[in-house]
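There are 4 protein chains.
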Amino acid sequence: MINRREYTADEVHGIARRHRTWGRWGPDDELGHVNHLTADRIRAAAGLIRRGATFSLAIPMDRDGPQSGRKARVNPQHVMFRHGGDLLADWENAGRGMQSTDDAVYMALQSATQWDAFCHVFHDGRTYNDRGPETVTSAGALRNSITAMADRLVGRGVLLDLARFHQRPYLDPGEAIQAEDLAACAEAAGVEVGAGDIVLVRTGHLARRRAQEAWGDFVAGPAPGLGLGACDFLCPRGVAAVATDTWGLEVIPFESVDVRHPVHVVLLVNAGVLIGEIWDLDALAADCAADGVYEFFLTAPPLTITGAVGSPLNPIAIK
Amino acid sequence: MINRREYTADEVHGIARRHRTWGRWGPDDELGHVNHLTADRIRAAAGLIRRGATFSLAIPMDRDGPQSGRKARVNPQHVMFRHGGDLLADWENAGRGMQSTDDAVYMALQSATQWDAFCHVFHDGRTYNDRGPETVTSAGALRNSITAMADRLVGRGVLLDLARFHQRPYLDPGEAIQAEDLAACAEAAGVEVGAGDIVLVRTGHLARRRAQEAWGDFVAGPAPGLGLGACDFLCPRGVAAVATDTWGLEVIPFESVDVRHPVHVVLLVNAGVLIGEIWDLDALAADCAADGVYEFFLTAPPLTITGAVGSPLNPIAIK
Amino acid sequence: MINRREYTADEVHGIARRHRTWGRWGPDDELGHVNHLTADRIRAAAGLIRRGATFSLAIPMDRDGPQSGRKARVNPQHVMFRHGGDLLADWENAGRGMQSTDDAVYMALQSATQWDAFCHVFHDGRTYNDRGPETVTSAGALRNSITAMADRLVGRGVLLDLARFHQRPYLDPGEAIQAEDLAACAEAAGVEVGAGDIVLVRTGHLARRRAQEAWGDFVAGPAPGLGLGACDFLCPRGVAAVATDTWGLEVIPFESVDVRHPVHVVLLVNAGVLIGEIWDLDALAADCAADGVYEFFLTAPPLTITGAVGSPLNPIAIK
Amino acid sequence: MINRREYTADEVHGIARRHRTWGRWGPDDELGHVNHLTADRIRAAAGLIRRGATFSLAIPMDRDGPQSGRKARVNPQHVMFRHGGDLLADWENAGRGMQSTDDAVYMALQSATQWDAFCHVFHDGRTYNDRGPETVTSAGALRNSITAMADRLVGRGVLLDLARFHQRPYLDPGEAIQAEDLAACAEAAGVEVGAGDIVLVRTGHLARRRAQEAWGDFVAGPAPGLGLGACDFLCPRGVAAVATDTWGLEVIPFESVDVRHPVHVVLLVNAGVLIGEIWDLDALAADCAADGVYEFFLTAPPLTITGAVGSPLNPIAIK
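Those sequence lines, one after another, are chains A, B, P and H. For what it's worth, the working numbering labels the leading residue of the first sequence as 1, then goes sequentially. For what it's worth, the working numbering labels the leading residue of the second sequence as 1, then goes sequentially. For what it's worth, the working numbering labels the leading residue of the third sequence as 1, then goes sequentially. For what it's worth, the working numbering labels the leading residue of the fourth sequence as 1, then goes sequentially.
So here's chain A without its partners, still in its complex pose (with noise of 0.2 Å):
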């Protein structure tokens, strides 16, 4: 179906340009198109409430999840202080009464269903908003971490059903979604895409990999993604964020040799709109193909780690 280009580094730069709003919001702003989820706009989004039916987008956070374990983004290692096994170990008290359990995670913030900060990417050593290196250190952002979002990221969501809308279980690696694929499909999709929406492309990669019953190159291997054409959608509308079920968000391998994670820089260091990675979209993509219905109230707070450069979190979509 759709055919990924290539661009050299100057015409990257010139589409980070095109869609830069440095300074829009003011010099201290941290939100960039996160601003468009005014209360107004969540107000509105909650007459998408319809039927209270929820639908959790997070895969399950374990170790049995994408991350390859050769990097430092190893899958989440949930570990117990206390359980069920210790009080038969000591039965003869610990069988009356009250007693607890206890547990604790070790993982790397990005490994399962999360959100990118816009201080997740550098690019000519700049976060969003014209912020420079030192403004990230071992004390975590002191400036475009997640948690400058933390009572954000309610709203409207839509979907954008790549896979179904071409009739297709997923799209292949390597496929890139551009601007005229989302036009078109969210017009089938009888959805309008506007400011401060959370617009959710799925691709049916996670889906694919999970019925493989192997992960495989999930992380990092090349997949269907966003065209840095698709940017010229997506800002131009406002939308506050974008997330979809694969590892990069954007194709894989990348639209251009001398950028890396080229939508990224567009998106996260220029535009100012969020990245949300490893969503599990289907079961909402199935009840939307089952009534028609491609919009809905979306829920996706990250956590409040302190100075976080990404989020893990479990987004509830509601219709």
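Keep in mind that a hint or two might mislead.
The list cannot tell twin chains apart, which means a pair is met if one copy fits it or any two copies do.
Calculated lysine to any residue pairs in the SDA-like style (CA-CA distance at most 25 Å, straight line) [stated by the list, open to error]: (1) K71 <-> W215; (2) K71 <-> G125; (3) K71 <-> D40; (4) K71 <-> D102; (5) K71 <-> V257; (6) K71 <-> D258; (7) K71 <-> S100; (8) K71 <-> A188.
Just so you know, these hints were derived from the structure itself, not from any lab.
Place chains B, P and H on chain A using the hints.
Showing chains B, P and H alone in chain A's frame:
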């Protein structure tokens, strides 16, 4: 104001039996009163979004949290894998093109704003719906994990601001909130508490400790909180969950010398009412006091950490 | 060269009983054959320090280790709290005066060069000296922890380089080393193996995987190693410990379809002989081949992690 | 007894320059005075093993350690992946055959008995041998990591028991140990301190806090320790390392209001003398007092955590 009571073990067991719902929703049920969070009620709760104002109810998750570090529940340990300083250390290369930052956390799941899962507490060797110790092992909870509610926990929230109701900045450690207190506070607030509600009870204790700029004995020390009598208000009404701005929900010292955490035993183990702790209710409470509206849409999904016996979360109240 | 054998469960149990030492050093003993590491023998072993040459037998403990990341034993996750990049980010202040760096690790205790404690393995519900499951809980091991040997594990080391002995770069997966192989190798090396010795058996398997620049199935995959017959060499001689350059000490596939890790069952559970794994014996082996001296002083204390069932360590051989 | 002194920044710098060894062992050197730990000296030190008595100098590494939990250095968090309670929870199956237990730790590398690597401290932006901040990044230390000494740090140890020498149970916080104190104590102990030695200085402070059953301000609080004058004893003699039974080696408050940790600056950054902290010297000291022998073989290798700026360890003294 409010006086605490004293109960024998037998009396606690009597209260527990009175509110026990085991089997009511079948032998496989893992939701208890959260079953009342139906689609109809979620839809109805959407009507409470009147202004689109959002309130994050989570405290910052970082090393300055309330945990003392003397036991397993250390404060969240946020660590950076790569940051702006790394770019500076290799500026000639990393100062150009795309660079990313990355991070992780080691955290006790109940070290900050949290849900207690039904499997968090055993009484006489059983968790909710008569599950035994073999259902919570090193692999996590096989039954009654917080993930059983991964797509629930959005709906109607009600704030009962006991501190303001008593025209005090905070209740004192040891003061117990009973059924009649909740009823009177709700009446004054003009709200009815009903099935499927998530009830937030504010004591002012979190604000007090924060004002003191030292957590002191916030964890496990004397605190105001629910008395056993509160169960007689919450359970018959079928509330789905109850959360406070304290470490342990219930009044400390406990109202029974024989049974530790007796309110947990009644709510988590017997009734199947979810418990939230260390919720920051201050900004929300100020808003409720200002506009006189003490009900709202509340979104409070847990993370999807497989088998977790608790979960950090960032609850969002929307008015 | 060396052929593997096959044993029924009954035969494994027979071997286990034959080498069982439970009660030999009293009901409270947690040392087994490590008891043979007496002051006299340590003093005698000091005489093996002839040149003052030292050899670290530990592999690097980092993310490039052998663990696949698919299970709980992820590779060691070394994280920095503060580093030089942080100084650069605040150079005007931090570029002057004293500044410190700091770091941490999340590591499975048996993810790299390690000791298995006696409590690491249960057989028919018992660990060494007839301890039951209640002795190893979430609090760690109350009995048979590796910390019981915190001030031991220095003494005489002996290298049996089976690969070189057979004039091969490495033994093949599935090849089993039996008593007669150890005896012949020791004789060729001109060493007698005796009570309290720490015996290092080199298969060449670690060097092989390293040369392939991919760990592949090093963890849990087919490997050369000790056969059950080796126990007949080690146990009667009273060796304190035995370690190899493989993941799991013993030959994989195991020599019994009925009992997993049968050599562990004999040595750890019944005989009380400590087991070391993933030891890097290559540099030491080259030196031994060069000077013909296969005995040395060996220092191999575990960390003092209370209740640990295993321990990473950096063993040092001194010739 | 011993009086502390006060130094200006210039005086500290003067002392630092006087003991600086940068370049002495070439521009690539990462060992400093540890270079004196030659094969000859190791061989000679073996002669100090006279009885075969061993002493572990590590404190227990667990949640009851000295760290307050308020900063990044939490106490070691030992967690079990699988234990005896899990067997009990599935006893019908797990009560038979072979079963294993497993565990992990999250630990700050300098939270317990430890080595400080040369890269642990920068002064005016440089570490030992004139390395800059770019040599210690999120990837760990590229130069001056403790792993540069992975096969060193065995040799002659000398105990200088300042507390006993002064016939006191412990020195008081703020008391500084100077060159003349070390010299007098060594003379009384009948030992000469020389090149390559690892010098253990006992203040009694650890025993004192332990006796109080509360760590209190052990971490970072006032403590007895080395004064800057001690450098004039240690550096000219070429000692390889110096360790104490305190949190921070040197006297606290520091002897300079201008330079924090001035002894660290002299020893780690300029002289290249390794620093050990939180070593438990009490049992060893009692033995030395009993037999009058204050020298011994000491084995103190670090873990091989790649790029670590410090390392937990279990030092073993052998007499």
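Status of the hints after comparison with the structure:
no., hint, result
1, K71 <-> W215, "both (15 Å within a copy, 14 Å between copies)"
2, K71 <-> G125, "within (23 Å within a copy, 30 Å between copies)"
3, K71 <-> D40, "neither (43 Å within a copy, 42 Å between copies)"
4, K71 <-> D102, "between (28 Å within a copy, 11 Å between copies)"
5, K71 <-> V257, "within (23 Å within a copy, 35 Å between copies)"
6, K71 <-> D258, "within (24 Å within a copy, 36 Å between copies)"
7, K71 <-> S100, "between (35 Å within a copy, 14 Å between copies)"
8, K71 <-> A188, "neither (41 Å within a copy, 43 Å between copies)"
Checked against the numbered hints given earlier, this structure breaks hints 3, 8; the rest are met.
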